[in-house]
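Please arrange chains H, G and V on chain L, whose structure you already have, making use of the hints.
Number of protein chains: 4
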Amino acid sequence: MDFALPQELAALEARTVAFVRDEVLPFEADPRRTAHGPSEDLRRELVEKARAAGLLSPHVTREWGGLGLSHLGKAVVFEAAGYSMLGPVALNIAAPDEGNMHLLAEVASPAQNARFLAPMAAGETRSCFLMTEPHPGAGADPSLMKTTAVKEGDHFIVNGVKWLITGAEGAACAIVMARTFVDGRDVGATMFLTDLPAEGFRITRALDTLDSSFTGGHAEVALENLRIPATDVLGAVGEGFRYAQARLVPARLTHCMRWLGAARRAHDIATDYASRREAFGGTLLSHEGVGFMLADNEIDLHTTRLAIRHAAWLLDQGQKANVESSMVKVFASEAIFRVVDRSLQVLGGLGMTRDTEVERIFRDVRGFRIYDGPSEVHRWNIARRLARTATAAAVPAGRAA
Amino acid sequence: MDFALPQELAALEARTVAFVRDEVLPFEADPRRTAHGPSEDLRRELVEKARAAGLLSPHVTREWGGLGLSHLGKAVVFEAAGYSMLGPVALNIAAPDEGNMHLLAEVASPAQNARFLAPMAAGETRSCFLMTEPHPGAGADPSLMKTTAVKEGDHFIVNGVKWLITGAEGAACAIVMARTFVDGRDVGATMFLTDLPAEGFRITRALDTLDSSFTGGHAEVALENLRIPATDVLGAVGEGFRYAQARLVPARLTHCMRWLGAARRAHDIATDYASRREAFGGTLLSHEGVGFMLADNEIDLHTTRLAIRHAAWLLDQGQKANVESSMVKVFASEAIFRVVDRSLQVLGGLGMTRDTEVERIFRDVRGFRIYDGPSEVHRWNIARRLARTATAAAVPAGRAA
Amino acid sequence: MDFALPQELAALEARTVAFVRDEVLPFEADPRRTAHGPSEDLRRELVEKARAAGLLSPHVTREWGGLGLSHLGKAVVFEAAGYSMLGPVALNIAAPDEGNMHLLAEVASPAQNARFLAPMAAGETRSCFLMTEPHPGAGADPSLMKTTAVKEGDHFIVNGVKWLITGAEGAACAIVMARTFVDGRDVGATMFLTDLPAEGFRITRALDTLDSSFTGGHAEVALENLRIPATDVLGAVGEGFRYAQARLVPARLTHCMRWLGAARRAHDIATDYASRREAFGGTLLSHEGVGFMLADNEIDLHTTRLAIRHAAWLLDQGQKANVESSMVKVFASEAIFRVVDRSLQVLGGLGMTRDTEVERIFRDVRGFRIYDGPSEVHRWNIARRLARTATAAAVPAGRAA
Amino acid sequence: MDFALPQELAALEARTVAFVRDEVLPFEADPRRTAHGPSEDLRRELVEKARAAGLLSPHVTREWGGLGLSHLGKAVVFEAAGYSMLGPVALNIAAPDEGNMHLLAEVASPAQNARFLAPMAAGETRSCFLMTEPHPGAGADPSLMKTTAVKEGDHFIVNGVKWLITGAEGAACAIVMARTFVDGRDVGATMFLTDLPAEGFRITRALDTLDSSFTGGHAEVALENLRIPATDVLGAVGEGFRYAQARLVPARLTHCMRWLGAARRAHDIATDYASRREAFGGTLLSHEGVGFMLADNEIDLHTTRLAIRHAAWLLDQGQKANVESSMVKVFASEAIFRVVDRSLQVLGGLGMTRDTEVERIFRDVRGFRIYDGPSEVHRWNIARRLARTATAAAVPAGRAA
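For the record, the sequence lines run as chains L, H, G and V.
Basically the numbering used here = 1-based index in the first sequence + 760.
Basically the numbering used here = 1-based index in the second sequence + 760.
Basically the numbering used here = 1-based index in the third sequence + 760.
Basically the numbering used here = 1-based index in the fourth sequence + 760.
Chain L with its partners taken away, still in its complex shape:
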């Protein structure tokens, strides 16, 4: 057992830290950060910075121009990048693109990858992922999916409404998930690739949301007889849910990694303020009421980091880590929210203003307890494994039983 980072990775971390501090933080005051995320223009400017620094798309294999990071490598670099909400944008590792690239690399054909993955990996294009639907469609429970894809000759005709589609505005391509019918038979969910814009793919509105850091914001999309050639099926017909699961496990970990960096940022801002701000006879930090909050932050950040790296290591060992990633998702999303909430509290009135980055982090991080499975779904997942394994438990419940 060894908790030390490999030297090479530690060096990459240090470079990322320096890059974020020197090249990214100055952009945080940029007015191109809109309520619907950083503008495409700003994104491209940041991407060029990362490219120049040799840090672009570090998660992508070297074949496609990245650094070929392992999951553990991502844990380290993504946290460092997440220290600024703009860091993942710069490094091209923000959601949903990062997960989409991962999925394509796993499932897509070489031709599809040349067409879709290559420009994404190069930071030239963005993508979106169309799974969730408005009530009463698919949300946390994907089995409720209402969108359909009907095979007609060598095409599929897709119809439905999707929403909370992050990055749809401005995306160059989309992965669309739909319940698929072949010869009138429901063959399960399938993932489809499509270039954008496309006929039959209409953004009906940009959603106003609590968060504001995803490029392209979140949209509602109407799919109206969207025609997709059978060659643009991603992987195999009917395997959509399986791929979604394969996408989700690492994707929920990379969310944890990025957010950990953001939480650390909030904590640093609060700590710095608390060490300078005087009230009631001493610095805020000298008051136990504040000092204990920041101590709890330290504990939450430390344990979250360990849990993330452990799960990443499991993936690197080839394990599925389905339940483990649920555990990390619940723990990290709740611990990180507590950290950011306490940081805002320590800042007092200042925390309510956009004068520090904490206000934005607070708004943005709230969704993390919901997306990629709300805490409740993950707890349910963990409990189900317990139910499966409990019968094998070696220890009787009590001597009296």
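Simulated from the structure, these hints should not be mistaken for lab results.
Wrong hints could be hidden among the right ones.
Said to hold, decoys possible - Listed next, the in silico EDC-like pairs over lysine to aspartate or glutamate satisfying Cα-Cα at most 16 Å (straight line):
(1) Lys906(V) - Glu1038(G)
(2) Lys906(H) - Glu1038(L)
(3) Lys1080(V) - Glu866(V)
What follows is chains H, G and V alone, placed relative to chain L:
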């Protein structure tokens, strides 16, 4: 002991509930709700609705055109009004005007009230209250106040920077608090009244903040040789902190009252959704993971209401209720935040969007754990009373001692 | 609305406070407090003290020698009595007798009351209540009841195993609940009265438990062809669950009342210690880390008291308060546990010893989150009402829906 | 970075697991487990089992007959041993002996080790550690120490009162800490070794405590002119606090390790029960209200294990890990308490009884949030480091500052 509402009050509550439902809720989709609060135009339109319904300024004495509600009466009516974030705007009971009117009625001279209170009570004008300052000035600890008022002849010359000044933009008058010097001697803090706009009173910027429901938003204000005639001192010179305390105790309760209504609204939205939304084989509400969250909401709402009404009753009995109001402030602000946070969680992705009012309530309510004294300052206040009274305790710590 | 206690009740409270302080506290060091509760001998000594003070059985109607307290009256007096774990023993208001007396007064025939209630009300005898059974029998879910009563002529023959039967050891009578069969037909659960000792009623063991303050402890009881004449049915055959519910609602409130007193005691001991104990440059209480814990105690105690009194008042108004009592049970049991846990923490190592009463209160109060329905069952109950009423909710979930 | 256990260690873990399951668990029903801990007789019987299994004193160096485990090795083996409260007794790794042996190995002279450490390492004798004193003496704040050691010729004369002295009853030797005076000058605290029984060392009483698993219980000890030759000073005069710190950091980690095993045990018992117990239409585990509690247990256990192993690894790297061990102590003690508390709750009434081991674990684990520094002291320690390092923070608090 009697927990029943007087019939008259119950009737007024019912009228307020109906008014909010029928007249106010339709305005929630109004685009005049900006990031810096409802526009003055929207405010006036809402005020006219309340005037027509006979519900305007219910907290103001009948002498000044109100309904002369007791503190308990406010507890009931303000909660009903708070069910919409626009309800308090309509009834003219939003912060900071409500607290300012209360303070004026308590302290101002008849002439001052005719000039300042009368138009405010009529819903014609708004006001602001200038106490807090940016670091390193007065925040939770008012003793750090940096703004000064220097007596020159029969005027005071005020200089300083104030911030987080709610409603400054568009206000017709201000209460300004400053450390006062007479003949070079520091005579303590004083409150001053001034009409706006005024020379020497300059809004340097509108703060971007997490919340967005206070008319006029929050501003930073530069006071640059603001001249105030001695006749516009509010109350007596040097009594500013005492008045501030007198303003704060009831003002923190009225915050609790309004926010309780808003929390109930969030809870109702979440409950309604959870009772209709299907997932994993049943409604969300049928899942204990969700049902228990909503049950906890019910408990938090119920106990918060009792605590608020009890403290209001104490004030009606003529008690100062300083520590009791601290207890209610901590309990209510934290319970209400939990309620709203759970409501958002139950809504899932929908909760992150402005498609329901919960997103706004979540943003706006976060500040409540900070303003009018952060939870930490109130806990400190409660602990201090314990320290004062502990020596009188009748029971020894242990038989062994 | 009026939060003031009637003068008469306030006077009774003061008398109870003085009685506990002067007459009961000295017995806390009495070695007759065993791991299975105070001895019968000690109980009788305490009862005579209460009798002499005119405070015995205050909940019982004047007809049967009590003070005929309303539910609100109980809320006040029981809290005062609960300040010592021996107070309820002295006043004859401890569980399960207090609830049993209440049930008898509601349901029993005059003859039964003369035989069973009268000596209990006089403090001469104790009783027990046999409902819960070991796994896989009736616990939180009474529908799993395995004990049977089979009608044979004018008798019922009862067989089964009951456990966690508080006070069985030394009880003079029992209320036994059993699934009843008449002419081979299951007619539902019935309550039976029986004098003790009785043939066919055998205490198989005294349970070792975390708590130690119930007279007679908790036993496992084998019912082996226990014969009960049909005239000793309590109320009507088949109505057992309905009576159990009628017993439980007020009984769970009286638990809250007594425990509130005990929690206040723990808090007072901790506060006294914290105000005298020096560490790290000041009293413990002067450290925010400790002061904030005690402040939270104050808040929990205050809100719990309000919630209890409100629910008691509802019962006094003739309401069933089924869900309200669930809310109070959850809130009170969890808040009270927090208070006691924090008090122990403030005492540090001293808190782990029996040198203060807190150690015992901590052990005893833990069960309160379980008996009379664990928190989970009550949350479920609250959620079910929400599900029933949600369809009537006036406010749509969102404008987009 | 590598989270895999070395094969050798995994094998040792498996052997420990099997040993506890096969050899130790059967003793849990042994009546020699008294309210003041397992009897010496029982301890010796268990020690012989461990000796036969080759698992005795695994933390001791091979020189003294142990297995020479690293800190990480201890993390693994101690958790496995802690699965039964009797496991650490059997392996001779229970507090305070385990920490005392560690301290002796670090500080004592060869002669002292031959005399004191050798028989302890062999499991033949037990020891005690006399630091804490009753109010107003040394508790969490050791600077309040009242016990004195006055040099007279080549002896020290020790006087004072110590309490909460674990294992004093039956100990063969003691480490005594006292404020030391040489030639009338206070030269700081010193640690002294003494054989027991000794004149001037008197156990004045056995404390009744919430917990009951430490052999010898907890005692109050009067030191009355206890004469200790200067050759029995442990290490150097005046270095007592430094050694105490050196003892505490690893000792608090070994507490975490053992308690983690105990918490896992409680969780397994609860999970097993929840998977078999039916209520309200399904197993308890199938109810989210219960399943989520057990899921949270899984998360707490997992993250606690990671945090412990990481801190142990730090010590193995030669780091002091003062603040890191504080973080682990707070996190582990609170997470473990939650796990045990939830486990008890899941068991319902059964959890309140000694029919499962959970009742005892619950009582015993409560002290863990207090001894070796209460959570509050550790949070303070963490906050102090933040205060020291905050000035070096790279990121300004806000753009507006």
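Structure-based check of each hint:
no.: 1; hint: Lys906(V) - Glu1038(G); result: holds, 13 Å
no.: 2; hint: Lys906(H) - Glu1038(L); result: holds, 13 Å
no.: 3; hint: Lys1080(V) - Glu866(V); result: holds, 14 Å
Every hint from the earlier list agrees with this structure, and none is contradicted.
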